[in-house]
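Since each chain sits alone in its own frame, please combine them into the complex, following the hints.
Here is what each chain is made of, one letter per residue.
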Amino acid sequence: MIWFASLAFLAGVLVSLSRQINGRLALSTSAMESAFWNHLVGLGFVTVAALLFGGLFAGTPTAAPWWAYLGGPIGVIFIAAGSWLIARIGAAQTAMLIIAGQMISGVVLDIIMGAPGNPWARCMGVALILAGMWVGQGQKR
Amino acid sequence: MTNDAPPARTYHFAAAFGAGALLTLMVLCNGTLAQFGSLFFASWVPHLTGTVAALLILLLLRPKRAAKARPPLWAYLGGVSGGVTVMLTSATMNTVLALSGTIALGLAGQVVFSLIADMRGLFGLPQRTPLGRDYMALALILAGSLILIFFGGRP
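In order, the protein sequences belong to chains A and B. Using numbering that gives the first Met the number 0, you'd call the opening residue of the first sequence number 0 and step up by one each time. Using numbering that gives the first Met the number 0, you'd call the opening residue of the second sequence number 0 and step up by one each time.
So here's chain B without its partners, still in its complex pose (with noise of 0.2 Å):
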């Protein structure tokens, strides 16, 4: 039996850079939102929207459970977390740290902690161990982001 089908690498690589274009999108629509109405309000439209949507997606697709197990409850609570998120960012916007220096600040913060989680395989998701390719990945895109954050936008 010969496996000639694409290295899954490939397929999940596009998957996340296009999950990073769709994010684009969703900065792009909730700010567009807070130059309207509250900071609360940009929040609370998109969760309600995104909850009836999502259910309308599981009504109509039906995905079937990984597991019969159940999972632990504080899986549940992911909502809570990016909740606080926005709460944190929009504060610190208005801060000397800016758009610039809060979404830069942002990223090493999620570089950092995801590094430490893959390598101690917290969360009950799998461990692994990054190598030397994934650290000068890093450092290259990070660089890329810093100099867009800091002098590719407005001047």
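So that you can see chain A by itself, here it is in the shape it has in the complex (with noise of 0.2 Å):
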């Protein structure tokens, strides 16, 4: 349990790394540059690793609606803003705001798409963030 945590724990960390080794690229070159690079090389990674272990096409990959195949573009923004923001706000708070846009936004597709939750805690959670916003919003540096 402790083991598969810190793994998890960990994928947080090098999530966080990614952004701040494609932060420092961006310094020197651009943030679209940093994204084409991050793909890339990420391409080449799992690449490498599927082949290694096998089975890239297992499944009915041909039966995945078409906009599932459109995750890659918007990745491409991802990073690239990531690298952008992370040189002028800092790593803390481009985190924290990614974060929680993530989380309102997928409170916001969850009841787009009807799926069951609990709508109390979904107030509380969306309230506590956007509370977390303003906070950190509010000051000067």
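Read the hints as simulated data drawn from the structure, not as lab findings. Positions of the beta carbon are idealized from the N, C-alpha and C atoms, including for glycine.
Derived CB-CB ranges, DEER-like:
1. B:ALA138 - A:MET112: 24 to 32 Å
2. B:ASN93 - A:THR61: 21 to 29 Å
3. B:THR94 - A:GLY53: 16 to 24 Å
4. A:PRO118 - B:GLY131: 29 to 37 Å
5. A:LEU51 - B:GLN126: 35 to 43 Å
6. B:VAL95 - A:ALA62: 24 to 32 Å
7. B:LEU54 - A:PHE52: 25 to 33 Å
Take a look at the structure:
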């Protein structure tokens, strides 16, 4: 349990590490170039891993809806935005606001798609996140 | 000379929040792919299409390089760290932690490491000391996220 928990924690560390490395690259190049290298290097890495372990085309990938294939271009904008932001508002603020945006849009999407959930917990969670964003926004540096 | 442009912070704020919303859409797309194909496929396709999309945008916009000096070689390796993340989360998702535990611990990992990086100015990025308000904001956002993760979703 502790072992899996530390792996999940490590995954979060790696997300933030990746954003910082890409942000450093963007300092010398541009946010879009950092997004390009992030995806190209990641592609090489996943390709090698898939070749080692096999089963890349297992299942029925052609049956997936067409929009499921749009994750890549969306990811490019996401990585470029992160690289651009981290040099301007810092790693913690960037992470915090991305988390807030992710959680609130997740709730909205769940409601649109009619996923079951507890409306009270949703309101409470969104309210706390909005309060946190308001507190974080009000400061001068 | 007067500067009556809105403070840059508001703009950054909206961009970061919007990036979070893009992340949700990306997770939805890639997760849907994983329902039909393998986990490798669900990570391989977005990296492939993302590379092509980024290349097209670069060719169209031709953004100027910010500095003449070459970036250090390790700065090109952000994609590896991202690639390992996908494998780790795919692995822990299928344990007792499930998706909610994986997401919650992942948020904690991001926040803790980001704070340390900011305080130390790691990886050649500007150093900044978090203020009391930052910790307050952080605590509220994390508390709200944890409630959504453990109580707001599918029962």
